[in-house]
Amino acid sequence: MALLTAEEWSAVRLSLQVATSSVAASLPIAVLISLVLARGRFPGKALLDALVHLPLVLPPVVVGWLLLVLFGAQGPLGRLLHDLFGIRLVFTAEGAALATAVMGFPLMVRAVRLSIEAIDLGLEDAARTLGAGPLDRFVTITLPLMSPGLLAGAIIAFAAGLGEFGAVITFVSNIPGETQTLTLAIYTAVQTPGGEGTAARLAAISFSLALAGLLASELLARRMRAWLGR
Amino acid sequence: MTVSVSVTQRLGDFALDVAFEAPSPGVVALFGPSGSGKSSIVRAIAGLSRPEAGRIAVDGTVFLDTEARLALPPEKRRVGLVFQDARLFPHMSVETNLRYGLRRAPAGERRIGFDAVVAMLGIGHLLARRPHTLSGGEKQRVAVGRALLAQPRLLLMDEPLASLDAARKAEVLPFLERLRDEIRLPILYVSHDWAEVARLADTLVLLDQGRVIAAGPVADLAANPSLPLAAREDAGAVLDGTVAEHLDARGLTRLDASGIPLLAARLPHPPGQRLRLRIPAREVSLAAEAPRLLSVHNILAGEVAHITPGHAPGTALVAVRVGGVTLLSQVTQDAVSRLALGPGSPVHALVKSVAVLRV
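Taken in sequence, the protein lines are chains A and B.
For my numbering, count along the first sequence from 1 and bump the result up by 1.
For the second sequence, counting from 1, position 207 maps to 204 in my numbering; every step adds exactly one.
It should be emphasised that the hints constitute simulated quantities derived from the structure, not laboratory data.
It is possible that part of the hints are untrue.
Pairwise CB distance ranges (calculated) [said to hold, decoys possible]:
1) SER132(B) <-> ARG223(A): 24 to 30 Å
2) ASP50(A) <-> ALA116(B): 49 to 55 Å
3) GLU92(B) <-> ARG42(A): 33 to 39 Å
4) PRO135(A) <-> ARG271(B): 40 to 46 Å
5) LEU33(A) <-> GLY119(B): 42 to 48 Å
6) ALA113(B) <-> ASP121(A): 48 to 54 Å
Some residues of chain B that are not near chain A, with every Cβ distance over 10 Å (derived) [what the hints assert, rightly or not]:
7) ALA167
8) PRO214
9) GLY256
10) VAL356
Part of the chain A face toward chain B, derived, beta carbon under 10 Å [claimed, not checked]:
11) LEU124
12) ASP137
13) PHE139
14) GLU197
From a predicted model like this one, the values you see are computed outputs, not experimental measurements.
Every residue gets a Cβ at the ideal spot worked out from N, C-alpha and C, and that includes glycine.
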């Protein structure tokens, strides 16, 4: 007997794919925003900080609705993307990745920002006097030293992204094989008479993935701290 | 070739307003109490802070000229900076740290070689190690090597030994002396430790509250009674000497200090070796006539240059000129009046051989 049905597999696969692409797409932006928040001094910094953290406190349904308004077929950004690149986000896996990325963004920024703030600025001064320009310093000093936070942030966002529900279902609905992620599949199974078995199996997978993510994050962070001699 | 620095900068309540020139190559020490502006000057020279006004030039390269609206960024100045906390990059091996500046130095100007620096600083066995596994003294040596290998126009050392204990200091100092003697580079050495400065520096810039109170050769400033150096408990003359010969039968070494012969207890250094010497003022006695049958080896005829009150009440600091050098003697006011000493009086300075110290 197969462990999972084809439909259940497709939900697991889709979840992994959505979480991966959401992390991959948002990581560079998270690094940029974290740098700005950790190092920058400008008016409106508090507002930017608040905006970044908004998905943490807003009901996910509201985030999904906002995405629908902005990126829907009639939304300003949605229309722009469609006209320029032919990209449609509503009711697609890409849309699910966007919703997941927005929800996971604050988690990622928190981890990355902390790791940037922990870097001794004196090291960058030292690199400057040794002839390293801004980009050179970022690549050879800042980036490696913030890598523990980068990895931790990515893994946490990935693990949380596997379980994103409200924003995804609001923005891209719950279409089996297209936008039905692991969490949505569990929800559907619970709603379906006789779906208890499916729900339990998928819940167990969800549980293991989340646990593995957290453990991997902790383990990697420890490895990297040892590598950096902290 | 010279290093010329002139900067004014306001930092909160503190105002820095200094100007000095220093010969190149050579070691210039910025010496003064904490808060006197030493580190601010270093940061301004390295380009890590921006003075309101000033001009900084090293061997013809202008780093900063606020009138001409010119300020090279730190990465273009090629100034080797050794920080008090070594600031080695924790994610790189010692070797990668050492090569960091070297790889970024212009290919045509790599005159200080990797192997030579590693050998000079005695860090060959550390190359594969990570910075966090090094002792404080080892870290500082690697930091010095890293700064040197960046092929700097000027080496800045900001209290490089201040965070080390006495034993670690003693371990690193000989390497800094070799550096001074072997690499022809202007070096600016910041310290609040008089012993370090007296040992390493050729030129001294005395700082207090953001201002230069005196600048000149170490020996001149050490013997100048109007400066705070003379008010120190360990006030004394600083001389440059050369080992002339060893008198092994007598357990003595004869030194030549600017033409003045000095006998010291047997030193381990070979004849011809140049040494920085210190003769503490309280180890120098004075006599109006040359005494005979005395245990003291060095009886030097000279004349009194000036007399100032000593750092303790009832004492006096007498500067005695002997040939080309000035010795300091700390005696009581009573002794000054008994010997009827005044500027120009002929006098004999008595210096025990064990009081001729290698700094």
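For each hint, the structure was consulted:
{"no.": "1", "hint": "SER132(B) <-> ARG223(A): 24 to 30 Å", "result": "holds (25 Å)"}
{"no.": "2", "hint": "ASP50(A) <-> ALA116(B): 49 to 55 Å", "result": "holds (52 Å)"}
{"no.": "3", "hint": "GLU92(B) <-> ARG42(A): 33 to 39 Å", "result": "holds (37 Å)"}
{"no.": "4", "hint": "PRO135(A) <-> ARG271(B): 40 to 46 Å", "result": "holds (45 Å)"}
{"no.": "5", "hint": "LEU33(A) <-> GLY119(B): 42 to 48 Å", "result": "holds (44 Å)"}
{"no.": "6", "hint": "ALA113(B) <-> ASP121(A): 48 to 54 Å", "result": "violated (30 Å)"}
{"no.": "7", "hint": "ALA167", "result": "holds (26 Å)"}
{"no.": "8", "hint": "PRO214", "result": "holds (29 Å)"}
{"no.": "9", "hint": "GLY256", "result": "holds (42 Å)"}
{"no.": "10", "hint": "VAL356", "result": "holds (29 Å)"}
{"no.": "11", "hint": "LEU124", "result": "holds (6 Å)"}
{"no.": "12", "hint": "ASP137", "result": "holds (8 Å)"}
{"no.": "13", "hint": "PHE139", "result": "violated (13 Å)"}
{"no.": "14", "hint": "GLU197", "result": "violated (50 Å)"}
Of the numbered hints listed earlier, those contradicted by the structure are 6, 13 and 14.
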